[in-house]
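Let the hints inform the model, and build the full structure from the sequences given.
Heads up: the sequence shown is residues -23 to -1, 1 to 181, going by mature numbering (1 follows the signal peptide of the UniProt record, and there is no 0).
Bear in mind the hints are in silico, worked out from the structure with no lab data behind them.
Glycine included, C-beta positions come from ideal geometry on N, C-alpha and C.
Since no wrong hints were added, every one of them can be taken at face value.
No farther apart than 35 Å at their CA atoms in a straight line, the calculated lysine-lysine pairs in the DSBU-like style are these:
#1 133 / 6
#2 145 / 106
#3 6 / 145
#4 106 / 6
Simulated DEER-style distance windows between Cβ atoms:
#5 131 / 52: 29 to 39 Å
#6 86 / 17: 42 to 52 Å
#7 33 / 113: 39 to 49 Å
#8 151 / 8: 21 to 31 Å
#9 106 / 151: 13 to 23 Å
#10 99 / 132: 21 to 31 Å
#11 102 / 17: 17 to 27 Å
#12 87 / 117: 37 to 47 Å
#13 140 / 108: 19 to 29 Å
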Amino acid sequence: MNKKLFIKLILLSISGIFHTAEATTLSVKFPNNSNIYTTTVGSFFDANIYADGLPDFGGFDIYLTYNSANLSAQSLSTATVFGTDTDASFIQSIAPGSIHFAEAIAYDSPATEGLNIAGPTLLGTVTFKALTVSAINTAYLIDISASSEIYTFNGKSIGGTAQGGNVKVTAVPAAVPLPASIFLFVPGLLAVFGARKSIREIAA
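Okay, here's the thing in structure tokens:
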């Protein structure tokens, strides 16, 4: 873990938790560009974490929770949204049922203000594997914890809304057996073609 980023996040965290009363949003989106997704046991899929509505974006410290009975987090990659101004090393960890990643504009950055985020902007991607069939209407198998933080360039915590992701895991469809009649039809068809060939040979 980068020591500067760790200290910076401790100082920023004094501002409080991620609230749910203002315009800034954190959201989870799946490959279908929705926060609702259906998949089958054994499959892999990506959950993308987006931020939106940030006029002076300086850093984030995000905690995700997920149902480890149904899902397993395989990998986490960040979008390095701050580009060359990103701290050289950022916080990134995966544990059963939880994910934590953080990133901030470096202390020695020449920037004088944060990023202006006026549309959905990717912060990171988590690849999951579906393990077991989920309960019907299970809400937010992947959720954004209320302790997640979004900060301005000067370290002020920004409130907003957080929307998790609802994943429905279903069983792999059983293979459809071929009807018994197909086994009678194919030999019969071969016999017909064989008979026609014999007639042509005789005629020749």
